[in-house]
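What follows is the residue order along each chain.
2 protein chains.
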Amino acid sequence: MSTTLKPSLYTCLSPALLHLYDINTSVVVIIDVLRATSTIATALHNGAKEIIPVDSVDECIRIGKQMSAITAGERDGKVAEGLQYGNSPFEYPAEFITGKTLVLTTTNGTKLLHMAIDNGASEVITGAFANLDAVCNYLIQAKKPVLLGCAAWKDRVNIEDTLFAGAVINQIQDHFTINCDSSKMALDLYHSALPNLFSFFKNKEASHFLRLSAFGLDKDMEHCLTPNTAPVLPVYKEGKLII
Amino acid sequence: MSTTLKPSLYTCLSPALLHLYDINTSVVVIIDVLRATSTIATALHNGAKEIIPVDSVDECIRIGKQMSAITAGERDGKVAEGLQYGNSPFEYPAEFITGKTLVLTTTNGTKLLHMAIDNGASEVITGAFANLDAVCNYLIQAKKPVLLGCAAWKDRVNIEDTLFAGAVINQIQDHFTINCDSSKMALDLYHSALPNLFSFFKNKEASHFLRLSAFGLDKDMEHCLTPNTAPVLPVYKEGKLII
Numbered sequence: 010m011s012t013t014l015k016p017s018l019y020t021c022l023s024p025a026l027l028h029l030y031d032i033n034t035s036v037v038v039i040i041d042v043l044r045a046t047s048t049i050a051t052a053l054h055n056g057a058k059e060i061i062p063v064d065s066v067d068e069c070i071r072i073g074k075q076m077s078a079i080t081a082g083e084r085d086g087k088v089a090e091g092l093q094y095g096n097s098p099f100e101y102p103a104e105f106i107t108g109k110t111l112v113l114t115t116t117n118g119t120k121l122l123h124m125a126i127d128n129g130a131s132e133v134i135t136g137a138f139a140n141l142d143a144v145c146n147y148l149i150q151a152k153k154p155v156l157l158g159c160a161a162w163k164d165r166v167n168i169e170d171t172l173f174a175g176a177v178i179n180q181i182q183d184h185f186t187i188n189c190d191s192s193k194m195a196l197d198l199y200h201s202a203l204p205n206l207f208s209f210f211k212n213k214e215a216s217h218f219l220r221l222s223a224f225g226l227d228k229d230m231e232h233c234l235t236p237n238t239a240p241v242l243p244v245y246k247e248g249k250l251i252i
Numbered sequence: 010m011s012t013t014l015k016p017s018l019y020t021c022l023s024p025a026l027l028h029l030y031d032i033n034t035s036v037v038v039i040i041d042v043l044r045a046t047s048t049i050a051t052a053l054h055n056g057a058k059e060i061i062p063v064d065s066v067d068e069c070i071r072i073g074k075q076m077s078a079i080t081a082g083e084r085d086g087k088v089a090e091g092l093q094y095g096n097s098p099f100e101y102p103a104e105f106i107t108g109k110t111l112v113l114t115t116t117n118g119t120k121l122l123h124m125a126i127d128n129g130a131s132e133v134i135t136g137a138f139a140n141l142d143a144v145c146n147y148l149i150q151a152k153k154p155v156l157l158g159c160a161a162w163k164d165r166v167n168i169e170d171t172l173f174a175g176a177v178i179n180q181i182q183d184h185f186t187i188n189c190d191s192s193k194m195a196l197d198l199y200h201s202a203l204p205n206l207f208s209f210f211k212n213k214e215a216s217h218f219l220r221l222s223a224f225g226l227d228k229d230m231e232h233c234l235t236p237n238t239a240p241v242l243p244v245y246k247e248g249k250l251i252i
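Sequence lines, in order, name chains X and E.
First residue of the first sequence: 10, per my numbering; consecutive thereafter.
First residue of the second sequence: 10, per my numbering; consecutive thereafter.
With the rest of the complex left out, here is chain X:
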């Protein structure tokens, strides 16, 4: 394949940098490994009918009542006050979530998703290690420009979302033109983290490791850093994430 025919790939390391990238013609991949997009893939894989990502806790409660749906979400790593469930993939096994609608709000992931939509993104999917291969396979066959959008933590660049961007780039780089230092740094970080992403994450004492570990959530983190536990492709359509 000639280099000039390959679509571009960029990585946006923080929502505060989103305005630098062309999101209108790209497939935008929303990445919030800990834990929004891991939980989205898991709930849909386990049979959830749809997930409605919302900006605020109030809206989550309002829409949840209106649709008789499950309300879920976190603020600062804990279940948000007034919501029923949290942001852990383990809260959504098939026997609980099958056929149900989940209304979800999180600190970073749902915020970035709405930023992308509000700024004119035409195609938005969500990615996490849980659905790594599904995302990669889709991006390769779509043959469109790609923007890997890291949700980060309150706009601060984080290791786990960057690692996932690196994992995607590792699989699909031959199909894209990548003139983007953030992407190259993400790939390098991913290679440096192999073979055990959770050990790397723990040994680095990443900010989110310290935050969630204090809540006893090591098992969540290890699960969220494991590839392909929920091999589905969540796509945003008319206000909902579906597969």
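Rather than coming from a laboratory, the hints here were simulated on the basis of the structure.
Note that the structure is predicted; figures quoted are calculated from it, not measured.
One or more hints might be untrue.
When chains are identical, the list treats them as one kind, so a pair holds in a single copy or across two.
[Said to hold, decoys possible] Derived EDC-like pairs: lysine to aspartate or glutamate, alpha-carbon spacing no greater than 16 angstroms straight-line:
#1 Lys-213 with Asp-183
#2 Lys-152 with Glu-231
#3 Lys-153 with Asp-31
#4 Lys-163 with Asp-31
Assemble the complex: chain X is given as a structure, and chain E must be docked to it using the hints.
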């Protein structure tokens, strides 16, 4: 030394993220390896009396005339129209620059410096590989919080400034509390780039490598990635960088 007594260290990977950090009580290190802060260290090491960093080409010309100073700067990697000199450390040997005042404007570095000043930074120094050890030695003895501020490229995160942040962290990390994923990623990138930073930078086809290489500036880049060629500490005081 007890952990609780160590000052904090953060890395800001792009000027667009500067608002996330407390710059008022930190030593802010402005980093623009290619090439503003490399040239600043070199010119001062070679005897320049002072360097006046300015925002715009027009202001550069105006102040240059007013002070009968040398005007220099670049836009997009080339000498800016209307200015006398560019942004290469090789343009400022001792026989030319000794005793002179240099008025300098660049695409990213001088912009970040003014952002920091305008937002209340009380202490600003400049860093590049050219003065790596001088910066590290100062930060260790200052015992204050540190913000490593990468100038990046038009707000996009770049490899070379992140690499320098990593090189600083590699030397001084034992003296600081670092709960900052960007810093950990920078350190990891630096380790990955050793032993030959320029080879790493070239092999990665970093954005700035491609940009400057197209202008035949490989020699500049290799020089700017070489540690301690200009062992001075440029400090910003009353509108001027001096040593």
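Hint check:
For the identical chains of this complex, Lys-213 and Asp-183 are inter-copy neighbours only, at 14 angstroms across copies versus 29 angstroms inside a copy, given an alpha-carbon limit of 16 angstroms. Taking the shortest alpha-carbon separations for Lys-152 and Glu-231, neither the intra-copy value of 32 angstroms nor the inter-copy value of 36 angstroms comes in at or below 16 angstroms. Taking the shortest alpha-carbon separations for Lys-153 and Asp-31, only the intra-copy value of 12 angstroms comes in at or below 16 angstroms, while the best inter-copy value is 39 angstroms. For the homomeric pair Lys-163 and Asp-31, the shortest alpha-carbon distance between copies (15 angstroms) is at most 16 angstroms, but the shortest distance inside one copy (22 angstroms) is not.
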